[in-house]
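Novice: Sequence:
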Amino acid sequence: MSVRHGLLSVLTLGPAYGLQLHGELLARAAHRGSVNVGQIYGTLERLLKQERIRRAGSTSDGLPLYALTPAGNDEALAWLTGTAPLDSDWTEMLDRVLISSTVPAGDPHAVIDGYLRHWTAMIAVAGDPETASATTLADAASAELAGAALRWLARARDTAATGTLVRPLTVVRPRRGRPAASVS
30 MSVRHGLLSV LTLGPAYGLQ LHGELLARAA HRGSVNVGQI YGTLERLLKQ ERIRRAGSTS
90 DGLPLYALTP AGNDEALAWL TGTAPLDSDW TEMLDRVLIS STVPAGDPHA VIDGYLRHWT
150 AMIAVAGDPE TASATTLADA ASAELAGAAL RWLARARDTA ATGTLVRPLT VVRPRRGRPA
210 ASVS
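In this note's numbering, the protein residues as written are 30 to 213.
Keep in mind the hints are simulated off the structure, nothing from the lab. Glycine included, C-beta positions come from ideal geometry on N, C-alpha and C. Certain hints may be false.
So the derived label-pair ranges between C-beta atoms look like this [to be verified]:
{"id": "1", "residue 1": "THR165", "residue 2": "GLN79", "range": "38 to 48 Å"}
{"id": "2", "residue 1": "GLY192", "residue 2": "ASP116", "range": "17 to 27 Å"}
{"id": "3", "residue 1": "ASN65", "residue 2": "THR41", "range": "18 to 28 Å"}
{"id": "4", "residue 1": "ARG180", "residue 2": "SER87", "range": "17 to 27 Å"}
{"id": "5", "residue 1": "LEU48", "residue 2": "ALA167", "range": "38 to 48 Å"}
{"id": "6", "residue 1": "THR165", "residue 2": "GLY86", "range": "52 to 62 Å"}
{"id": "7", "residue 1": "ARG202", "residue 2": "ARG146", "range": "36 to 46 Å"}
{"id": "8", "residue 1": "SER89", "residue 2": "GLY176", "range": "36 to 46 Å"}
{"id": "9", "residue 1": "GLN68", "residue 2": "ALA177", "range": "25 to 35 Å"}
Produce the entire structure from the sequences given, and follow the hints as far as they go.
Specialist: Structure follows, in structure tokens:
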């Protein structure tokens, strides 16, 4: 995912600290195995310099909180509502649909509709996978991927329509440090 857009999207829920944002991204884009914590903090620093986020005080134990600026909010809303350009990468599609389905500012139906148009056009360009030859095998693969995307998007649309995926920031703090060693 664009960690940038994931962070901005989560911050539409309100101020949060770095490790909290890391946990939220993993929970909202559960198909990802992991996101490097260092990447989160590096992206936060870039967003501060680009004035997409600002410092918003700190937690009771001194962790810095981050909040959206108006420019950051505009960028997040464009990504969450499907008005920003779509990326045809499979994982990026999953990120965008899943995250837009979990925040009130998101419009997963608009995002899903945009991807449905995109993948339908991909099938039209790729042609029939049954007539693939050695020279058109890549087109056949594109058509198969587009078909899988269309099936998943139909299911995602049904789930998003229930509204059950929308949730606030988690108040339970993620554990810090290494996991405890198991005792055998």
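Novice: Against the earlier hints, flag every one the structure doesn't satisfy and list their numbers going up.
Specialist: 4, 8
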